[in-house]
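**Q** Each chain is listed here by its residues.
Number of protein chains: 2
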Amino acid sequence: MEALTIHEAAQTTGWTPRMLRYIERIGLIEPARTESGYRQYGAGELQRLRTLRELLAEHEIGLGDVAFALRLRRDEALSGAVDSWLEAEPQRPEAVSADEWLRWEQEKHARIIAALTTNETMETAA
Amino acid sequence: MEALTIHEAAQTTGWTPRMLRYIERIGLIEPARTESGYRQYGAGELQRLRTLRELLAEHEIGLGDVAFALRLRRDEALSGAVDSWLEAEPQRPEAVSADEWLRWEQEKHARIIAALTTNETMETAA
DNA sequence: GTAACCTTGACACAGCTTTGATAAGGTTGA
DNA sequence: TCAACCTTATCAAAGCTGTGTCAAGGTTAC
Chain D
5 MEALTIHEAA QTTGWTPRML RYIERIGLIE PARTESGYRQ YGAGELQRLR TLRELLAEHE
65 IGLGDVAFAL RLRRDEALSG AVDSWLEAEP QRPEAVSADE WLRWEQEKHA RIIAALTTNE
125 TMETAA
Chain G
5 MEALTIHEAA QTTGWTPRML RYIERIGLIE PARTESGYRQ YGAGELQRLR TLRELLAEHE
65 IGLGDVAFAL RLRRDEALSG AVDSWLEAEP QRPEAVSADE WLRWEQEKHA RIIAALTTNE
125 TMETAA
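The listed protein sequences correspond, in order, to chains D and G. Going by our numbering, the first residue of the first sequence is number 5, and it counts up by one from there. Going by our numbering, the first residue of the second sequence is number 5, and it counts up by one from there.
Some hints here could point you the wrong way.
Facing chain D, a subset of chain G residues (Cβ under 7 Å, in silico) [stated by the list, open to error]: (1) THR55; (2) HIS63; (3) LEU67; (4) ASP69; (5) PHE72; (6) ALA73; (7) LEU74; (8) LEU82; (9) ALA85; (10) VAL86; (11) TRP89.
Sample of chain D residues with no beta-carbon within 10 Å of chain G, all distances over it, derived [to be verified]: (12) ILE10; (13) PRO21; (14) ILE30; (15) GLU39; (16) TYR42.
No wet-lab data here; the hints were simulated from the structure. Every residue, glycine too, gets a C-beta built ideally from N, C-alpha and C.
Generate the whole structure from the sequences, applying the supplied hints.
**A** Here it is in structure tokens:
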């Protein structure tokens, strides 16, 4: 059974061997090893390495972000805690109609503009 | 009215005014403003600032991580892309049937040559 | 009317992340 | 055997994060 070595995998995916080791270290792609410890990249891993590049480029995110998303997915307590913190967005009329949301956004903008253009335009906006 | 200024909010939550502005800048907590632009921290925001501290401490994550989780939650395309990347289990050589693997082996050399001579990414006939 | 706040913006700095380079040593295959 | 790989570990540099501090100017409250 053969697979690509780290150098070959790097060449076919556009990463460097250094980065392949880094990607493994942060838990994103962990190739199998030979008995003597050589990394073996199979077809699936090569595909994932390529799509990983696209993912980063298309959404302007970093490897660390993907690693955090992985951690979120694996650590149920963490994702629950983060989710419940994010859930509690204050002051915002959540779960309301779209036009109410829009009105809220407009008022927020008005507040900011009022702040920027030196007052007396709006009164409390409530 | 029971809205605190940034200094007061900092004191009751354990953050510094500087950090409150930073937390706002990365989109985590955006307090209302007075007409003249002063930040107003209400009871809900104070609570969120306190629980934010706990969240970071208990799970050893950073503000940037929470900001990314927020971005994931707001950007449906991003979270879909990240999720589907994470979803794809790496199909190792072991998981590929024998004749598929043989075909893979036969094409291996051509793949490497192609990757070296053109910068195009090859599509794998998955 | 002035002290004590607030605003944004900028400079700065430690520490972490990302990436490369290099070293010392093991494995492979012609 | 020997070239050309591979491994881990370490040093290094560029860039980003988190945080302090200060400046220039507007607002509030006594």
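**Q** Give me the numbers of the hints this structure contradicts, sorted from smallest to largest.
**A** 3
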